[in-house]
Amino acid sequence: MSAHAERLNAVWYQGASLGLVAVSITVALAAAYTASREQVASAIENDTRQTLEQVLPPGYSDNNLLKDVMEIRDASGEAVSVYRARKAGKVRAVLFAQHGNGYSGRIDLIMAVDAEGIVQGVRVTHHTETPGLGDKIEETKNDWIHRFEGKSIASTGAERWAVKKDGGVFDQFAGATITPRAVVRTVKGGLEFFAQHRDQLLDGSQPKGGQ
Amino acid sequence: MSDEAVASAEAVSGPKSSTVIRDGLWDNNVVLGQMLGMCPVMAVTSSATNGLGMGLATMAVLIVSNALIASLRNWVSDTVRIPIFIALIAGLVTLVDICLNAWLHELYKVLGIYIALIVVNCAVLGRAEAFASRNTVALSALDGLMMGLGFTAALVVMGGIREVLGAGTLFANAHVLLGAHFAFLELKLLPESANTLFMILPPGGFLTLGMLIAGRRRIEAWRERVAAESAGCVPGAHAQ
Numbered sequence: 001m002s003a004h005a006e007r008l009n010a011v012w013y014q015g016a017s018l019g020l021v022a023v024s025i026t027v028a029l030a031a032a033y034t035a036s037r038e039q040v041a042s043a044i045e046n047d048t049r050q051t052l053e054q055v056l057p058p059g060y061s062d063n064n065l066l067k068d069v070m071e072i073r074d075a076s077g078e079a080v081s082v083y084r085a086r087k088a089g090k091v092r093a094v095l096f097a098q099h100g101n102g103y104s105g106r107i108d109l110i111m112a113v114d115a116e117g118i119v120q121g122v123r124v125t126h127h128t129e130t131p132g133l134g135d136k137i138e139e140t141k142n143d144w145i146h147r148f149e150g151k152s153i154a155s156t157g158a159e160r161w162a163v164k165k166d167g168g169v170f171d172q173f174a175g176a177t178i179t180p181r182a183v184v185r186t187v188k189g190g191l192e193f194f195a196q197h198r199d200q201l202l203d204g205s206q207p208k209g210g211q
Numbered sequence: 212m213s214d215e216a217v218a219s220a221e222a223v224s225g226p227k228s229s230t231v232i233r234d235g236l237w238d239n240n241v242v243l244g245q246m247l248g249m250c251p252v253m254a255v256t257s258s259a260t261n262g263l264g265m266g267l268a269t270m271a272v273l274i275v276s277n278a279l280i281a282s283l284r285n286w287v288s289d290t291v292r293i294p295i296f297i298a299l300i301a302g303l304v305t306l307v308d309i310c311l312n313a314w315l316h317e318l319y320k321v322l323g324i325y326i327a328l329i330v331v332n333c334a335v336l337g338r339a340e341a342f343a344s345r346n347t348v349a350l351s352a353l354d355g356l357m358m359g360l361g362f363t364a365a366l367v368v369m370g371g372i373r374e375v376l377g378a379g380t381l382f383a384n385a386h387v388l389l390g391a392h393f394a395f396l397e398l399k400l401l402p403e404s405a406n407t408l409f410m411i412l413p414p415g416g417f418l419t420l421g422m423l424i425a426g427r428r429r430i431e432a433w434r435e436r437v438a439a440e441s442a443g444c445v446p447g448a449h450a451q
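Keeping their order, the protein sequence lines are chains B and R. Everything in the first sequence is counted per the working numbering, starting at 1 for the first residue and increasing by one. Everything in the second sequence is counted per the working numbering, starting at 212 for the first residue and increasing by one.
Calculated directly from the structure, the hints in this document are not laboratory data. Note that the coordinates shown come from a computational prediction; the quantities given were computed from them, not determined experimentally. Hints may be right or wrong, so weigh each one.
To be verified - Listed next, the stretches of chain R that the computed footprint assigns to chain B, with coverage defined by at least 3 CB atoms under 8 Å from CB atoms of chain B: (1) 236-250; (2) 289-297; (3) 404-416.
For each residue, glycine too, the CB sits at the ideal point set by N, CA and C.
Whole structure, please, built from the sequences with the hints as guidance.
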């Protein structure tokens with residue numbers, strides 16, 4: 001047997017080689033993680049900004065949304081981050097995330113409500129609904145999510161803020177009612193949250209650390 | 212050259228490139244021949260675009276992992292090769308995941324869900340064990356490329372069939388994965404009333420895969436018959 005083959009068969013070599021591989025991979029991953037941490041954080045911040053800007057019509061506000069944020073506890077005691085969109089210092093709309101339960105798990109969405117309680121925009125940010133059926137709530141797949149724009153509970157009536165199957169004004173999808181129903185309800189919950197905290201949300205004072 | 216001469220030549224220099232290419236694309240196709248990596252195959256083929264994304268991501272990992280393992284093959288002891296291969300593959304996939312997230316964030320948002328799934332694709336470990344651990348770096352990289360292409364092709368075909376029958380579209384949302392230039396790929400083939408939702412749901416995946424495997428066997432049987440007839444032999448005489 002050659003020296004190399006003998007070494008390959010030695011227990012110390014096997015243990016040491018396995019250990020060496022494990023250590024090298026750990027070091028490589030740690031290095032990659034450290035090197036990319038800032039990049040990832042700024043990419044995620046960018047994502048949040050883009051999502052926030054999506055739910056507002058272009059040119060709607062002139063402030064940095066990410067800097068104008070406050071935390072409010074909702075009815076269930078959960079902290080909700082509320083971003084305020086201002087034009088010339090005046091709060092025009094507030095943006096916040098809401099979540100509800102769809103057909104196969106949690107649906108996260110972000111919505112913008114203006115000072116009059118009218119929905120300016122809604123986007124689903126995360127869901128696990130059935131592909132081809134429930135995923136029509138995504139803006140890239142269907143324009144359904146735009147139907148909320150310009151509507152308020154006052155304009156439809158609290159009873160009629162529902163899918164058509166439940167006697168409301170919003171379309172369901174062929175073969176899928178649970179998903180749009182969940183989204184409609186979640187948006188309604190968001191509007192109720194807004195109504196409850198309206199004065200606090202629209203209070204024009206700058207956040208701590210602002211100018 | 213006699214069969215024995217071919218076999219001994221292979222033992223020294225490994226299989227020929229043409230064999231590697233044919234193996235990856237058809238003869239030993241990951242999905243239709245080896246039937247490996249069924250979990251990602253079922254999970255992502257609800258549309259051709261998803262299949263393409265998963266296929267390309269897996270191909271990239273296959274090429275790099277094959278090359279890496281082939282370069283280490285003379286230093287890895289047989290006894291501990293499996294844990295070493297798994298550690299290398301899992302580390303590599305995590306590294307790809309971290310780097311994409313940081314520096315190619317737009318692509319990461321599209322491929323994100325697939326990348327973690329690659330670790331559990333046993334085809335990657337399968338190629339490391341069956342090929343890369345006993346062949347040269349260049350040949351192993353070629354094997355990774357061809358296996359990856361075969362995997363991608365199978366996923367795109369499967370996703371395409373399911374998407375056309377299930378949603379009436381083909382390559383929907385391709386622009387999200389490939390960029391705006393590829394928006395022309397997005398076709399609407401069937402009206403919404405003709406959609407068979409069943410096909411996009413998990414049972415449709417099993418059905419499509421079964422049909423594809425059966426179809427491939429049909430073609431193989433036909434090829435064997437034609438070859439036997441042209442050689443003037445009795446079909447089946449050369450089995451084994």
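task = Given that the stretch 404-416 of chain R was listed as covered by chain B, double-check it with a C-beta distance under 8 Å for 3 or more residues.
result = Contact hint for the stretch 404-416 of chain R vs chain B: holds, 4 residues under 8 Å.
request  = Check whether three or more residues of the stretch 289-297 of chain R sit with their beta carbon closer than 8 Å to a beta carbon of chain B.
outcome  = That given contact holds, which follows from 5 residues of the stretch 289-297 of chain R lying within Cβ reach (below 8 Å) of chain B.
message = How does the stretch 236-250 of chain R fare against chain B when you require at least three residues with a CB closer than 8 Å, holds or violated?
response = violated (count 0)
The earlier numbered hint that this structure contradicts is number 1, and it is the only one.
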